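Asker: Listed below are the residues making up each chain.
Protein chains: 2
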Amino acid sequence: MRALRSLRAVRRFSEREIPAAVLEALLEAGRWTGSAKNTQPWHVVVVTEQETLAGLSKLGQYAGHIAGAKCALVLVMDGAHNAFDCGRLAERLMVAAWAHGVGSCIGSLFPDENVTTAKRRLVIPEEKWVRHVISLGYPADDMAHRISSTPGTRRVLPSVGRKPLREFVGRDRYGAS
Amino acid sequence: MRALRSLRAVRRFSEREIPAAVLEALLEAGRWTGSAKNTQPWHVVVVTEQETLAGLSKLGQYAGHIAGAKCALVLVMDGAHNAFDCGRLAERLMVAAWAHGVGSCIGSLFPDENVTTAKRRLVIPEEKWVRHVISLGYPADDMAHRISSTPGTRRVLPSVGRKPLREFVGRDRYGAS
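In order, the protein sequences belong to chains Y and G.
Going by our numbering, the first sequence opens with residue 1, and the numbers climb by one from there.
Going by our numbering, the second sequence opens with residue 178, and the numbers climb by one from there.
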């Protein structure tokens, strides 16, 4: 619960390497993610080559954080109808990373021509659905999880923080308190 | 990490009530889920009325587990394009529940006419995207997380367990070990 409650996107990473055992532990946690009818409609490309990380960081409007990551997880899904299961996988990988002190941020590949470029570079079959990349790394500093520490990102967000519980939840009926 | 590694779908629930404090803790964990540009495109209807749970359980082919749950969380999204964020929210709620010993299972509302019925019952605006309902409850027994303990469900699954790590992960390239 501590890991869940404190999880925030981290966009600035330190030079510290992620130990192989930590990376394997979080991939193992990801491997056990549940999916519709247990179809496991996914494959994760673990990118550690610096040049590839830099290349991926240019394939989305807000994907710059990938360039500074020690590692990126490219989530490859069988089809667009697996978006829900993709979200389950992403959340679990991020929680598992944070439980080990490793920060993360989701980057989106966009538009379609950038997706095509990423697929070619990583030899991902054309028919797969690829949109999400998770940056991984230890936080650069104690402020790295604070959105105020990346002003460029702050500017494009409609809001920070979260809506209050009474707006998030309805009791037995939509919007009822 | 223990909660992550041991999380499995639970389809049979005990009569034990979920304490209000536990339910609030997991809703609070859910409230802090990250979403694209922090849009928080969601609202969660917390269903505890027995009659409503029974009604929802009939609105999906494999949603029977909702009838025996102490509570169900209906995930209401702004639109179908929020499926990825819906998956993040679902996974986080399930992990948070399990961290408190509360089991869960995802049920799908299907087909569209059943979605419409659910929306009317819960007074959810027509334009919202609703597909996923999470059952919550303490496991009925020590076997409740084992798929073999619900033979009807076991039969419709193409496989149990998970594919091996070498199929789940590619190193710097799709499918590479």
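Fair warning: there could be bad hints in the mix.
Residues from chain G that face chain Y, not an exhaustive set, calculated with beta carbons under 7 Å [stated by the list, open to error]:
#	residue
1	L181
2	R193
3	I195
4	K214
5	N215
6	Q217
7	E226
8	L230
9	R265
10	E268
11	R269
12	V292
13	L299
Pairs of lysine-lysine, DSS-like flavour, derived with a Cα cap of 27 Å [claimed, not checked]:
#	chain 1	residue 1	chain 2	residue 2
14	Y	K37	G	K235
15	G	K214	Y	K37
16	G	K235	G	K305
17	Y	K70	Y	K119
18	G	K247	Y	K70
19	G	K296	Y	K37
20	Y	K163	Y	K70
21	G	K305	Y	K119
22	Y	K58	Y	K128
23	G	K235	G	K296
24	Y	K128	G	K214
25	G	K247	G	K305
26	Y	K163	G	K296
27	G	K214	G	K340
28	Y	K128	G	K340
29	G	K305	Y	K163
30	Y	K58	Y	K119
31	Y	K58	G	K214
32	G	K214	G	K247
33	Y	K128	Y	K37
34	Y	K119	G	K247
It should be emphasised that the hints constitute simulated quantities derived from the structure, not laboratory data.
Note that this is a predicted model, so its numbers are computed, not measured.
Don't be surprised by glycine CBs; every beta carbon is placed ideally from N, CA and C.
Asker: Next step is simple, just say for each hint if it's right about the structure.
Answerer: Hint check:
1. L181: holds, 5 Å
2. R193: Check failed: Cβ of R193 (chain G) comes no nearer than 20 Å to chain Y, outside 7 Å.
3. I195: violated, 14 Å
4. K214: This interface hint holds because 6 Å falls under the 7 Å limit.
5. N215: OK, holds: N215 (chain G) within 7 Å of chain Y, min 5 Å.
6. Q217: Holds: closest Cβ of chain Y sits about 6 Å from Q217 (chain G), inside 7 Å.
7. E226: holds, 5 Å
8. L230: This interface hint is violated because 10 Å lies over the 7 Å limit.
9. R265: holds, 4 Å
10. E268: E268 (chain G) check passes; min Cβ-Cβ to chain Y is 4 Å, inside 7 Å.
11. R269: holds, 5 Å
12. V292: Result: violated, 14 Å to nearest chain Y Cβ.
13. L299: At 5 Å from the nearest chain Y Cβ, L299 (chain G) passes the 7 Å test, so the hint holds.
14. Y:K37 x G:K235: It holds: about 18 Å lies between the C-alpha atoms, which stays within 27 Å.
15. G:K214 x Y:K37: The hint is violated at about 30 Å.
16. G:K235 x G:K305: At roughly 20 Å apart (the allowed maximum being 27 Å), K305 (chain G) and K235 (chain G) satisfy the hint.
17. Y:K70 x Y:K119: holds, 20 Å
18. G:K247 x Y:K70: violated, 43 Å
19. G:K296 x Y:K37: Roughly 24 Å between the alpha carbons, so the hint for K296 (chain G) and K37 (chain Y) holds.
20. Y:K163 x Y:K70: This hinted pair is violated, its Cα atoms lying about 32 Å apart.
21. G:K305 x Y:K119: violated, 33 Å
22. Y:K58 x Y:K128: holds, 20 Å
23. G:K235 x G:K296: Holds: K235 (chain G) and K296 (chain G) sit about 14 Å apart, inside 27 Å.
24. Y:K128 x G:K214: holds, 25 Å
25. G:K247 x G:K305: Roughly 25 Å separates the two Cα atoms, so the pair holds.
26. Y:K163 x G:K296: Roughly 23 Å separates the two Cα atoms, so the pair holds.
27. G:K214 x G:K340: violated, 33 Å
28. Y:K128 x G:K340: holds, 18 Å
29. G:K305 x Y:K163: Since the Cα atoms of K305 (chain G) and K163 (chain Y) sit roughly 18 Å apart, the hinted pair holds (cutoff 27 Å).
30. Y:K58 x Y:K119: OK: K58 (chain Y) and K119 (chain Y) at ~14 Å, within 27 Å.
31. Y:K58 x G:K214: holds, 18 Å
32. G:K214 x G:K247: Roughly 34 Å between the alpha carbons, so the hint for K214 (chain G) and K247 (chain G) is violated.
33. Y:K128 x Y:K37: Answer holds: K128 (chain Y) to K37 (chain Y) is near 19 Å, not above 27 Å.
34. Y:K119 x G:K247: violated, 45 Å
In the structure shown, a violation is registered for the earlier hints numbered 2, 3, 8, 12, 15, 18, 20, 21, 27, 32 and 34, in ascending order.
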